[in-house]
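**Q** Residue numbering for the sequence shown follows the numbering used here, beginning at 45 and increasing consecutively.
These are calculated hints, taken from the structure and not from any lab test.
Be aware that a few hints might be false.
Said to hold, decoys possible - For each label pair, taking beta carbons as the anchor points, the in silico distance ranges come out as: (1) Thr194 / Thr259: 37 to 45 angstroms; (2) Lys124 / Glu102: 15 to 23 angstroms; (3) Thr259 / Arg103: 30 to 38 angstroms; (4) Lys244 / Thr55: 40 to 48 angstroms; (5) Ser190 / Asn211: 40 to 48 angstroms; (6) Asn137 / Ala221: 24 to 32 angstroms; (7) Thr55 / Gly82: 36 to 44 angstroms; (8) Lys50 / Lys251: 16 to 24 angstroms; (9) Glu231 / Asp59: 28 to 36 angstroms; (10) Leu253 / Lys161: 23 to 31 angstroms.
Just so you know, these numbers come straight off a predicted model, no measurement behind them.
The beta-carbon is built from N, C-alpha and C at its ideal position, and this holds for glycine as well.
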Amino acid sequence: MSLYNKTLTNTGYLDTVKKIENIRFITDGKWDWEHGLGHYKRVAKYVHKILSQLFVDERTIDLGMTAALLHDIGLSKGDKVDHAIESSRIFTNFIDKNDISKKEEEILKQAIIDHSKGKDIKSLIGLALILADKLDVTYHRTENSSIQDTMNKEIQKIKKVDIYISNTDLLVSYETANNFDVTILAEWPKAVTIPYKTAKYLNKNFKFLINGKETDVHKFINLKL
């Protein structure tokens, strides 16, 4: 059994996730975006796609997907703690020590610490987790939000987000309702700045598409990182 699947059957993990799902998180007094198992699985799917396109081995993909399941587990302590740091402290509670080497544990720890702010990229697992977390910006995150402000309503128009990495380009593609206002992402700039940063880290061109049309995001988001 893969480490990812083993984590998904860990009763302690599932109980902790359920606890998180029963908490309403208000970020800066504004958003209570979904942070439950649905988010973790979507992030894991993105991690799989990113790492596959970077041609890493199956173990690295498995570790990256496992990190996706555990990257927000610190939210079980509430929204008053730094959830990235807290997650990095407790994620090993849900992994059998015999299933992971010390070196792998350190890679996951660093990736989880860095995933929120995306300031540091120290491994391909870290890169994939940072990027995947910011790609999960579809309607799933806000459709059940108790706060239906302009930002949340606009995000509900994002139906699908995909990523393609070639020898030369890193391309993020949004499939949205026709009346989606892309400038709303200025209120959540990480959705664009993090893919841009990872593209530069990989020495690739960054392209951002809305419904198949390349969009100039420089107009409303500062990409001079």
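**Q** For each hint, tell me whether it holds in the structure or not.
**A** Hints, one by one, checked against the model:
| no. | hint | result |
| --- | --- | --- |
| 1 | Thr194 / Thr259: 37 to 45 angstroms | violated (19 angstroms) |
| 2 | Lys124 / Glu102: 15 to 23 angstroms | violated (38 angstroms) |
| 3 | Thr259 / Arg103: 30 to 38 angstroms | holds (36 angstroms) |
| 4 | Lys244 / Thr55: 40 to 48 angstroms | holds (42 angstroms) |
| 5 | Ser190 / Asn211: 40 to 48 angstroms | holds (45 angstroms) |
| 6 | Asn137 / Ala221: 24 to 32 angstroms | violated (41 angstroms) |
| 7 | Thr55 / Gly82: 36 to 44 angstroms | violated (19 angstroms) |
| 8 | Lys50 / Lys251: 16 to 24 angstroms | violated (37 angstroms) |
| 9 | Glu231 / Asp59: 28 to 36 angstroms | holds (34 angstroms) |
| 10 | Leu253 / Lys161: 23 to 31 angstroms | holds (26 angstroms) |
In terms of the numbered hints stated before, the structure departs from hints 1, 2, 6, 7 and 8, listed from lowest to highest.
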